[in-house]
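Protein sequences appear in the order of chains Z and S.
Heads up: take any position in the first sequence, counting from 1, add 358, and you land on this note's numbering.
Heads up: take any position in the second sequence, counting from 1, add 3, and you land on this note's numbering.
Since the hints were made in silico from the structure, they are not lab data.
Take the hints with a grain of salt, since some may be wrong.
[Unchecked claim] Just the calculated beta-carbon pair ranges, DEER-fashion:
#	chain 1	residue 1	chain 2	residue 2	range
1	S	E24	Z	H412	44 to 52 angstroms
2	Z	I388	S	Q172	47 to 55 angstroms
3	S	R7	Z	A503	17 to 25 angstroms
4	Z	E411	S	G559	21 to 29 angstroms
5	Z	R382	S	R7	37 to 45 angstroms
6	S	R204	Z	N375	41 to 49 angstroms
7	S	P42	Z	A503	17 to 25 angstroms
Being a predicted model, the structure only gives us computed values, none of them experimental.
Here a beta-carbon is modelled for each residue, glycine too, at the ideal position from N, C-alpha and C.
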Amino acid sequence: MRSTIAALIQDHPGALNRAVSLFRRRGFNIHSIAVGPSETPGIARMTVVVDAEHVEQVAKQLYRLIDVIKVCDLTDERTLQRETALLKVHAPSASRADIVALCTIFHARILDAGSHSLVIELTTTPATLDRFTDLVRPFGLKEVARTGQIAMVCPVHRERTATLTAAEESELDFEPNPLAV
Amino acid sequence: MSDRRTGAQIMCEALIRENVEVLFGIPGGAIMPFYHALPEYASQLRHVLCRHEQGAGHAAEGYARVSGRVGACVATSGPGATNLVTPIADAWMDSTPLVAVTGQVGSALLGTDAFQETDITGITLPITKHSYLVTDPNELPRVFREAFHIASTGRKGPVLIDVTKDAQQARTVPVWDVPMDLPGYRPTYEGNARQVREAARLLAEAEHPLIMAGSGVIWSGGGEALRALAERTGIPVITTLQGKGAFPDDHPLALGMPGMHGWVHVNRAIQACDVLLNVGGRFDDRVTGKASTFAPHAKIIHVDIDPSEIGKIVRVDVPIVGDARRVLEALTEAVEPRDRSSWLAEIREMQEQHEHRQSYRKRPESSALMPHDVYEAFDRIARERGGYRVITDVGQHQMWAAQLIEWRDPGTHITSGGAGTMGFSVPAALGAAIACPDETIWVICGDGGFQMTNQELATMRQEGIRNVKIAIIDNGYLGMVRQWQELFEQRRYSGTPLTGPDFALLAEAYGHRGMRVTDPAEVAGAITAAWDHDGCVVIDFQVEREANVFPIVPQGRSIGEMMTEGVAE
């Protein structure tokens, strides 16, 4: 079982270390972690996927860190998930057409080609990336680089009422499962 | 003359702006610029030179625990900083407001394994509420302001400020009115009104409710509010080790301490209660025993200022995030009174039943000096005199102190609870003595813990401190470990027999008064003489070597499974 946590963190030296350290302390293995700028300057967004089931306590402890502004456990939420991978595949002329056909099916892009290999880029869900990787593996998978999963809660589909302000709606979008008890 | 100052001067001024009056520390290479600046500010900022950085850290903790203010300590880089790790961890576990300032090697040398360089912000990452590495003197005013704010608000705790040597030396014009930059830090003080109503409803409907008070009640100044709620509702009150003093032990509703060394009737009451209100405590495993069996019939209301404590150990039915005092006041207003005398009578009956089995209340048929004689005499004399604080160390003597002394006022019982740091008491007393010069600071410690940090007796002498009185419960063992070995490991006393110097002579060597007591008849006289002596005193109470702390719940077992006199109940 994997869990996904998203957090907004102040873009300070050590802040990421502090956050990640909480998972280490509990002995949770981090499956993937993706960090980058958020919508607010100076605030980074971190998406962590951990091989653990009960992460509520870590999420709360994460929220307790001074550098952490917001935390959301996305595990049970309806989310959009994306991850990008670069794959270098062994592709002599004999198998090249088959690989290109697979790329077409998965909407993967071929970024570069050499005499014996191709570099493929695919952005999709982590599960689809796994499937694609398995399919090209028999051709000879030389190198894989994955960005780590990012995720965003799906927009709320609801009649806009007079009582729900735009600000409240955006709250709902990010934090359907607020941690402040 | 411009307003330009060195980073070191700015650090001193920042400390003064945060109302720091005393700083415990030891100089060294990387913090020398700060020490160079310090004499200019000597009239406002007293520096106490300790004998070990661990002592400096615990002294700052002791100062904080009795004054309610932030304790401050300072050390150099490398070993100076690593010696602070234990007190920082201690402050983290017991939520003590502490700011530790460390020098760091020059910024150009960071990460090069330079002389006396250690990554102290990295080392202390999991045991600080927050930490800073400062390489630019312009950041110092904001960093110090934030550090003291963070240490002293919400759930209090330690903050580390590591300042590189070049940042201490560089000159700049300090800008003091910089705003704090803490968008992620918003402690909640007011309990959610709906949750408070729900808690009040549960308490009003409960047949067998209990209140358990932890250190949050003391830090929030909630003693009066707790008393008001208990008296309005008639609900009996349990105080945890760190909650001792939050509710007077001699109050008709006071039950005593729960947990591993709690009284039988207290643990039984927890296992029988239908609603448990835990205010300002964190369900430490020494309180709950095997957590899955804790208070099996109870709906649990947990009031804590730290949301991450709620639901961490036990399931919680009504969580309330907030300041203990404010939530207690809100609850008192919201709750309907009800007669609980039959429940209280039931608990008191339980207490009576077990009284005859409580050997710890009675002297055995032996003429040896029992630890209990010391506590009994101390409790009696302290009650007559007042104006005292007691600082205990870690081990058997600590549990006896919690059990056998009646604690009546918040802030009178200071101990290292969560971290269980042996060696805490003597340096903590140094800090407490400076914070409360008009009170008598008693240390009760074991001969093991005393030998870990007793060099601070020299600091007391140098600083002219006269109000620290140390009672060593000297049994020639690391007693609590020995007790476990006796009860659970077939008396295999591995690594626990302990010799010491002549503690009375040692005290005299440090320029204090030393005494030794071996006869039960001399106990009261020695305590009285120490109290009256104008100066620090060490009394070596040479007690029965194999006295035990009872009751005891074996580790990992339910608190319903108590051992008294070495036999499981």
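Point to revise | Outcome of range test on Cβ distance (S:E24, Z:H412; 44 to 52 angstroms) | key: 46 angstroms, holds
Exercise for review: Take a look at whether the Cβ-Cβ distance between Z:R382 and S:R7 falls inside 37 to 45 angstroms.
Suggested key: 43 angstroms, holds
**Study point:** Status of the given 17 to 25 angstroms range, CB of Z:A503 versus CB of S:R7
**Key:** This hint is violated: roughly 50 angstroms between Cβ atoms.
Exercise for review: Could you say whether the range 47 to 55 angstroms given as a hint is met by the Cβ separation of Z:I388 and S:Q172?
Suggested key: 40 angstroms, violated
Exercise for review: Note whether the CB distance of Z:E411 and S:G559 lies within 21 to 29 angstroms or breaks it.
Suggested key: 23 angstroms, holds
**Study point:** Hint check for Z:N375 and S:R204 - Cβ pair distance inside 41 to 49 angstroms
**Key:** For S:R204 and Z:N375 the Cβ distance comes to about 44 angstroms; the hint holds.
Point to revise | Cβ distance range 17 to 25 angstroms for S:P42 and Z:A503, holds or violated | key: 58 angstroms, violated
Violation of the numbered hints given earlier is confined to hints 2, 3 and 7; the remaining hints are satisfied by the structure.
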